[in-house]
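**Q** Using the sequences and the hints given, assemble the complete structure.
Those protein sequences? They're chains U and H, same order as listed. Read in the UniProt record's numbering, the first sequence has 231 at position 231, and its numbers run on one by one without any break. Read in the UniProt record's numbering, the second sequence has 226 at position 226, and its numbers run on one by one without any break.
Hints may contain errors.
Below, simulated BS3-like cross-link-like pairs (lysine-lysine); rule was C-alpha separation at most 30 Å, straight line [as the list claims (entries may be wrong)]:
no. : chain 1 : residue 1 : chain 2 : residue 2
1   : H       : 84        : U       : 140
2   : H       : 11        : U       : 128
3   : H       : 84        : U       : 131
4   : H       : 162       : U       : 19
5   : H       : 84        : H       : 162
6   : H       : 162       : U       : 131
7   : U       : 128       : H       : 84
8   : U       : 127       : H       : 11
9   : U       : 22        : H       : 84
No lab work stands behind these hints, which were simulated from the structure alone.
Below are the chains, spelled out letter by letter.
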Amino acid sequence: MPSIISISGVTKTYATGFKALKEINLDIERGEIFALLGPNGAGKTTLISIVCGIVNRSSGTVTVDGHDISRDYRTARSLIGLVPQELTIDAFESVWATVNYSRGLFGKPANHAFVEKVLRDLSLWDKKDAKAITLSGGMKRRLMIAKALSHEPRVLFLDEPTAGVDVELRQDMWEMVRRLREDGVTIILTTHYIEEAEAMADRVGVINRGEIVLVEDKAELMRTLGRKRLLLELRSPLATIPETFSRYALELSPDGDRLTYTYDNQSERPGVASLLRDLEAAGIQFRDIDTQNSSLEEIFVNLVRKDA
Amino acid sequence: MNLRAVWAIYKMEMARAFRTVLQSIVSPVISTSLYFVVFGSAIGSRITEIDGVSYGAFIVPGLIMLSLLTQSISNASFAIYFPKFVGSIYELLSAPVSYLEIIIAYVGGAATKSIILGLIILATAGLFVPLTIEHPVWMLAFLVLTAVTFSLFGFIIGIWAKSFEQLQLVPLLIITPLTFLGGSFYSIDMLPGVWRTVTLFNPVLYLVSGFRWSFYGKSDVSIGISLGMTVVFLLVCIAIVAWIFRTGYRLRN
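**A** Structure (structure tokens):
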């Protein structure tokens, strides 16, 4: 099946001459959760804004489910729901009025039962008559999600959905995203909380300085770029690392009782097994052994730094 | 045509008016009543009839136009500026609505509000002075045409404005002087020669004059010219809006 969103050759140069996006090519698969990672100012929000029709692109084409976002903007936009980063709601409208308004705006016939379900799912039902201005930050965020879901979109953009959101709400939101995916909704989220991408995404794209640096299946990414670390708790402290181990580039903790060996799958360095054999041969004994996988965060930082 | 969206925006705009009924209805009614007390009774009693119409009655069409112009502009400019200011305009821009639909909904909402207001002021005026309306259909036509034209003008200001100050700038520096100097409170025959010529360059004169003609059958300039000028201004506004939307000016950049 063709991709649900296809972005090709998209650039954006602002009137100031600032090149926010340079030749973006990206395909989002139907039904996936795609995390777009990038530092602040990398172009995440600009890219989303272009796909959603909020900002005009300088060049390139974008299609949503095969519909060009310019020629066939009505169909393209009606498939998309957007939850922007900033909490921007008409403060004086009631929750009920504003969600029904959103549905109407997207050309859908009134459906009070559906809007009620959306509000209940987001625990906003008992606030339906409250004015948006009286809601807490977390509730406002959920209200914006309710507005985005009011017209039953097939693609949902979540721009920094959990920025400034407490832990409990964050869990709820992840849960909701998973439920939506089960219903076949494609989800694209931008974040700079890497743990979010790590917990949620099927695929990860990294954008930096207006360019897509990498797009990869998350598990694959973690496997190929992920570093592993072997930690060895020594029985007796070492003053220095013996010369014979120089090819391992080991690190010795300041108090001398822990050795760290960092390796990855593409590394030229010898494997763990040979290190352990060599340690035994040298008479270095250890109490405990532990391995750690590097997180997506470290992978990300490495990528962005390498690029800088 | 996404009529549901047009209706949704229109309904929301009208709801906003009813929520701020004090600001949108009561305050213009109070200020109009004050005009009547000051101009109609205090000063008007010393002014003789103009073109056979008592001064109090003479100023009614001008007063309605004054409110119609300022309210149309402020309603429409605020309606589009505010979402731009708080950022909630993202939703409108990401929705499957055409520019034409946005215009119809916002300008329609603003114009409806100022037409209602104009009629309320007319009714209020009826309490102070005896009114005759010789050409009610034309009266309504001028009311609607002016409300739509200046709502469109307000919409342009709302899109152009980058701050609340700019939002107030045009109404304050251009519209208010033009309305006061546009023959709302006097007939241009009362002006000395040079100023009469200068006044002919004021577009508001044609609105007020035409509107007054629909009441009393008398006007400063011919009704055809009045109507023509109003339509020209409407067309100019439509042209500007078309340009704004073609380029995405201050909306999608």
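**Q** Between the alpha carbons of residue 84(H) and residue 140(U), is the straight-line distance 30 Å or under?
**A** holds (19 Å)
**Q** Going straight from one Cα to the other, do residue 162(H) and residue 131(U) come out at no more than 30 Å?
**A** Roughly 27 Å between the alpha carbons, so the hint for residue 162(H) and residue 131(U) holds.
**Q** Compare the distance between the alpha carbons of residue 162(H) and residue 19(U) with 30 Å, and conclude whether the hinted pair is satisfied.
**A** holds (23 Å)
**Q** When you check the alpha-carbon spacing of residue 22(U) and residue 84(H), does it fall within 30 Å?
**A** holds (27 Å)
**Q** Given the hint that residue 84(H) pairs with residue 131(U), test it: the Cα-Cα distance must not exceed 30 Å.
**A** This hinted pair holds, its Cα atoms lying about 20 Å apart.
**Q** Is residue 127(U) within 30 Å of residue 11(H), Cα to Cα?
**A** Roughly 22 Å separates the two Cα atoms, so the pair holds.
**Q** Does residue 162(H) lie within 30 Å of residue 84(H) when you go C-alpha to C-alpha?
**A** holds (9 Å)
**Q** Quick one, are residue 128(U) and residue 84(H) close enough, alpha carbons at most 30 Å?
**A** holds (25 Å)
**Q** Next pair to validate is residue 11(H) with residue 128(U); report whether the Cα-Cα distance is within 30 Å.
**A** holds (18 Å)
In summary, this structure violates none of the numbered hints.
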